[in-house]
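Just so you know, the protein sequences line up as chains D and V, in that order. So the mapping is simple: this note's numbering equals the position in the first sequence, first residue as 1, plus 53. So the mapping is simple: this note's numbering equals the position in the second sequence, first residue as 1, plus 3.
No lab work stands behind these hints: they were computed from the structure. Please note that a few of the clues may not be correct.
Here are the simulated BS3-like pairs of lysine-lysine, each with C-alpha atoms no more than 30 Å apart in a straight line [claimed, not checked]: (1) LYS28/V x LYS59/D; (2) LYS63/D x LYS28/V; (3) LYS59/D x LYS497/V; (4) LYS168/V x LYS143/V; (5) LYS91/V x LYS334/V; (6) LYS94/V x LYS75/V; (7) LYS63/D x LYS327/V; (8) LYS206/D x LYS75/V.
Incomplete in silico selection of chain D near chain V, CB under 8 Å [what the hints assert, rightly or not]: (9) LEU71; (10) PHE78; (11) GLU210; (12) TYR212; (13) ARG217; (14) HIS219; (15) TRP222; (16) ASP223; (17) LEU439.
For clarity, every value in this text was computed on a predicted model and none was experimentally measured. Glycine included, each C-beta is placed from N, C-alpha and C at the ideal position.
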Amino acid sequence: MNRRIKWWIKALCFVLGLVVMLALFQHVFVYNDFRIYQTFSSFYAEKEDSLDAVYIGASNVYPYYEAPLVWKDYGIAVHPLSVAALPAAAVKPMIIEARKTQPNALFIINLNNFNDETISLSHIHYLADYMPFSRNKIDLINTLCDQRGIAPKDRLEFYLPFIRYHSSWDELKLYNFYRRPNGLKGASTYNLFLTGVEDVTYRLNFTDERKPMPDVTHPILEDLLNYCQKEDLNVLFVIAPQALSADDIAKFNTMADIVASQGYPVINAMECIEDTGLDFSQDFYNGRHANIHGAIKFSHFIGQYLSEHYDFEDKRGLLEYASWDEAATRYIDIIDDYCLDFEWMMDRRCFELEKPAFMQAQFIDDQWHIEWTNSENASGYAIYRLQDGGTWECLGTTESCTYTDLSADRHCTYTVVPYVLNGESMSYGQYHVQGVGSLRSSTDVSLNPDNTSGADDS
Amino acid sequence: MTLVSISFLIFIFLTALCYFTVPRKSQWIVLLIASYLFFFSHSHWLVLILMGTSLFTYFVARCIHAIGQKGKAHLAERASELNSSEKKAFKAQTKRRMKRVLMLGVGLDLGILLFLKYCNFFTGSINHILPSGFEIPSLKLILPLGISFYTLQAIAYLVDIYREKYAPDRNPFQFMLFMAYFPQILQGPIPRHNQLAHQLYSEHTYDGNRCVQGLMLMAWGYFKKMVIADRIAAPVNAIFGNNLEYTGIMIFCAAIGYGIQVYADFSGGMDVVRGISQIFGIELVLNFRQPYFSRSIEEFWRRWHITLGSWMLDYVFYPLSLSKTFSHMGKAAMKTFGKYIGKRLPAFAAMFIVYFLVGFWHGPDMKYIVYGLWNGLFIVSGILLETPYQKIRTRLHIRDEAAGWRIFQMIRTFCICSIGRLFSRADSLSTAWQMLCRMFRNFADTPILTMDTALSLNLSIADGITLVIAILTLLAMDYLHERDFHLREIVLRKPLVLRWIIYYAVIAILLIFSTYGPGYDSASFIYEQF
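One chain only, chain D, in its complex shape:
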C-alpha cells in the first residue's frame, strides 16, 4: 500500500481514538448532577411511545410529582422531564425533544417557571449537558443564549461541556465513572426533599386578583400555545402550589386565564388547595418546593385528576411495564424510612381527620409521657416512635389522648395519627410529621416550652 495512504489511515484511526477519548471525558466529567442525570437517562431509557404523559417543568415538578407513586395507585405511566430552574423558553424545545420518542403522550406543562425571567449559565448547562446532540438541542442552546445575551463565540461550552468541567477533576467520585439509571422514573430522593420540613404558612398568600405576566415570558407562553395548537397536542397545564407573594399568585392566575382562554385545561392548585390535602405548615421544605409528605399528596391529586379526565389504561402488572412496577416497589422502600408506614397508601388516608396538637411531652423516670388534643371524629390514635438512627415504628393504638412509653430511650420522638375505623380497616388522618420529643419538636409543643425542656432536663 502507498506509504501516504497508510499514514492517512493511521491518522484517521488516531483521530477516531481521540473522539472516543473525548466522549469518555464528557461522560466522566459532565454528568455530575445526579438528579438531572437520572431524570434524563430514565426518560430516554423508556420504550418508544410507551408513556401516557410527560410532565415538563422546572423544580415545581420533581418535588411535587413522583411517578412511581401515581403508577402504584393508578397504573398511569407519567414520566417527569424536569430540570431545576427550567427557563420558560426551554419548554417548547423540551416538548419537541419528548415528542421524538413519545409522540402520542399527553404533555403536562408546569407553568410556575413562567414567572421567572432570569436565565443563568447553569440553567443552560442543566439542559444542554444531558440532551443528546440534535437540531433541537442546537435550537435550544441558541434560544437560551440569545435570551441570556451570550455571544455565538462563547457558546462552545454548551456543545462541548467538558470545556467547562475539565478543571473539576479533583472532585470526581466513583459515581462519575460508574453510573446508570437508578430505575426510579425520575422520582426524587435527595436529602432535603426526604427530610426537610419548613412551616411556610407565614408567607402563604391566596388571591383572586390578576396581574400581568412578566414581559419576557408572556410572548413565550403565547408562542408555546400557538405551537401546541398548530401541532394539535394533547396538553394539560399545571400551576403547582407555592407559598409566594400575592403578586406572584396574581400572575399565576393570569397565566391560568391565558391558557384557559385558548381552550386548554389547567389545574391551578392554588385555587383548589383543599383538594390536594397539602398542609403548608409541614408539607414543604421551603416556600417553593414540597417535601416527600407534600409530594405524596400532590402526586395522588394529579394521578386522580388524570384517571378521572383521561382514558389511560391501567397498565400495572403488564410485562412491558415491569420496570414501572419495580420502580414503585423500590421507591416505596426508599421513602418508607422517612414516612409513616401508611402514608403512601392513599386508599387508607382520611385527610378530613385533623392532626392533633401536642400538649405535653416529658421524660420522667425513664418514661416518656405525651398528651395531645382530641381530633374530631377520630376513633383512636396510632402512636409512632422514632429512635435515634432508626425509622418510625408503630407502638400501638389508643383511644385516649395520652400515652406513656414504658420502654423509652431518652432520645426519642413521637407522633400520633388519628384514625377512623371503616369496618375492619383503619383510615389515617393528618399528623405531625416532625412529632415531639428530644430528636425533633413540633411547632405545637414549642408553645409549651416548659414541658419539652422538662423532658430534656430530667
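Using the hints provided, position chain V relative to the given structure of chain D.
Positioned in the frame of chain D, the structure of chain V alone reads:
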C-alpha cells in the same frame, strides 16, 4: 484568534491542508494569505501598516542593493582608468549613498514603531516639564500586532543588505511573507532573512513524522503555557495586584512565581510557533536554550530570548563599541581610570545602551528601562568583580565545576533575574521599588503558606499539587535538553501502540489540567503586549 483557541487550531489545520494540497511552487502563497488573514483577524485594517512597512522596506533594500551593484559595475567598467585612491574614494562615495538610503529606511521603520508605541510616553515625559494648560494631548493609538518584532526584522534586513551579507528579495510578495509569517508575528522569534526566507519560499513535501514532531512540540508548548503559566498566574496576580497586604517573603515568592510564569508562557508560545512551522517544513531559530540553567546573568541573556539578544549584539552593541566615538572614549578613560577600566569602558557603555534599549523595547515605561538596566548592571558588575570573586573562590577551595557550586550559581542567577522582573511586572516603577524594599525590610512576619494565604491566592490544593508536578516536569525536560537528550525523537522510535498511548496521555493531560474555558483567561501571551 489567539494561539490558544480552538479557532486557531482549526485555522492551522486548514492552512496545512491547503499548503500540502496546492502545487508546491505555490505553497508560499498559502502562507502569505494565511499570514495576512491571521493578522487581519487581530488588527483589522492596521494590516495596511504592516503591508506598507513591508513594501517600503522591500523597495529601500532594492535601492540600497541597486546603488551597491551600480557602484560595483561602474568600478568594473572603469577598473583600468582609476587608480587605487580613486577606487577607494568611489567605494566610499557609494557606501555613503547606500548609507543615506539605509538611514531613510531604518528611520521610517523605526519612526512608525516609535510613533505608535512610544509617542504617548514621550509626550507624557514632556508634559511633566511643561506648565499646566500647555500639555500636549495624548493620542489614542492602537498598535498593530507584532510591530516590535517585525520592525526589528525589517531593520536587520536593511542593515544586512547594506552590509552586503545577501541579495535582497526580488519578489515583493515573498518579502511580505517574510515580514508577516503568521506563527511568529505574535511574539517572535526575530529571525534574520537568511535564516528564514529561503525556507518560506522553497517547496516542502509532506512528511508525516515531521508533522507529528511539530504537533508534539506544540503540545509541549501548550503544556507550558496552559498548565504552568496560566495556573501560576493566579497567585502571582493576586500578590502583585494587592502587594501591600503581603510580607516580603510572599513578594519574593511572587517574583519567583512570575519568573516561572514568564518563562513557561514565552517559551511555551515559542514551542507552539516552532511546532506549527515544523508542520510546514520550516525550522525557526531557537529563542530559548534552558535559560534557568545559566550560571550568570550574561549567560542568561545568551539563552533567553536569543534572537533579541543577538539582534542587539549585531545591530547595536558591535556597531557602538567598535565605533570611533567609543574608541576615543575608551582611550580617554584609559588615561583617567587606568588600562583595565579604559579597555572595557566602550564595551560597558555599549552594554548599558543595549540593556537600556532591551528595557525600552519591552514598553514605553520607566519600569521597563530600569528592568533593562538592572540586567546591564549585574552583567557589568559580574565582569568587573570576576577577579575578586575568583580569589574568594580559591580561598574557600570552591571548584568552578563542582556540582554544588554550579547549582548555587544557577539558583543565584534565577533569583537575580526574577527579582529584576519585579520592575517589569509591577504596575509602576514606584510600586516595584516599594515591593523590592519590603522584600528585604519586612521579609517574614507570618508563615509562608497557610490555608488562609492559599485561599487568598486563588490556589486550591489540587492546583498547587498540579503546579508543583508540572514545574518539576518542566525542569526535568529542560535538564534532558541540556544533556542533548531529545524526548520527541525517542518517542518517534517507539512501537506504534506505545507511541499512541503516549500521545493520548499527553492530550488527556492537556485537556484535563490546562486552564482554559469559562472562568479562565488564557487568551493572551505575556510577550504579545511587547
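For each hint, the structure was consulted:
{"no.": "1", "hint": "LYS28/V x LYS59/D", "in the structure": "26 Å, holds"}
{"no.": "2", "hint": "LYS63/D x LYS28/V", "in the structure": "28 Å, holds"}
{"no.": "3", "hint": "LYS59/D x LYS497/V", "in the structure": "18 Å, holds"}
{"no.": "4", "hint": "LYS168/V x LYS143/V", "in the structure": "40 Å, violated"}
{"no.": "5", "hint": "LYS91/V x LYS334/V", "in the structure": "28 Å, holds"}
{"no.": "6", "hint": "LYS94/V x LYS75/V", "in the structure": "8 Å, holds"}
{"no.": "7", "hint": "LYS63/D x LYS327/V", "in the structure": "63 Å, violated"}
{"no.": "8", "hint": "LYS206/D x LYS75/V", "in the structure": "59 Å, violated"}
{"no.": "9", "hint": "LEU71", "in the structure": "7 Å, holds"}
{"no.": "10", "hint": "PHE78", "in the structure": "7 Å, holds"}
{"no.": "11", "hint": "GLU210", "in the structure": "6 Å, holds"}
{"no.": "12", "hint": "TYR212", "in the structure": "11 Å, violated"}
{"no.": "13", "hint": "ARG217", "in the structure": "5 Å, holds"}
{"no.": "14", "hint": "HIS219", "in the structure": "5 Å, holds"}
{"no.": "15", "hint": "TRP222", "in the structure": "5 Å, holds"}
{"no.": "16", "hint": "ASP223", "in the structure": "4 Å, holds"}
{"no.": "17", "hint": "LEU439", "in the structure": "39 Å, violated"}
In summary, the numbered hints that this structure violates are 4, 7, 8, 12, 17.
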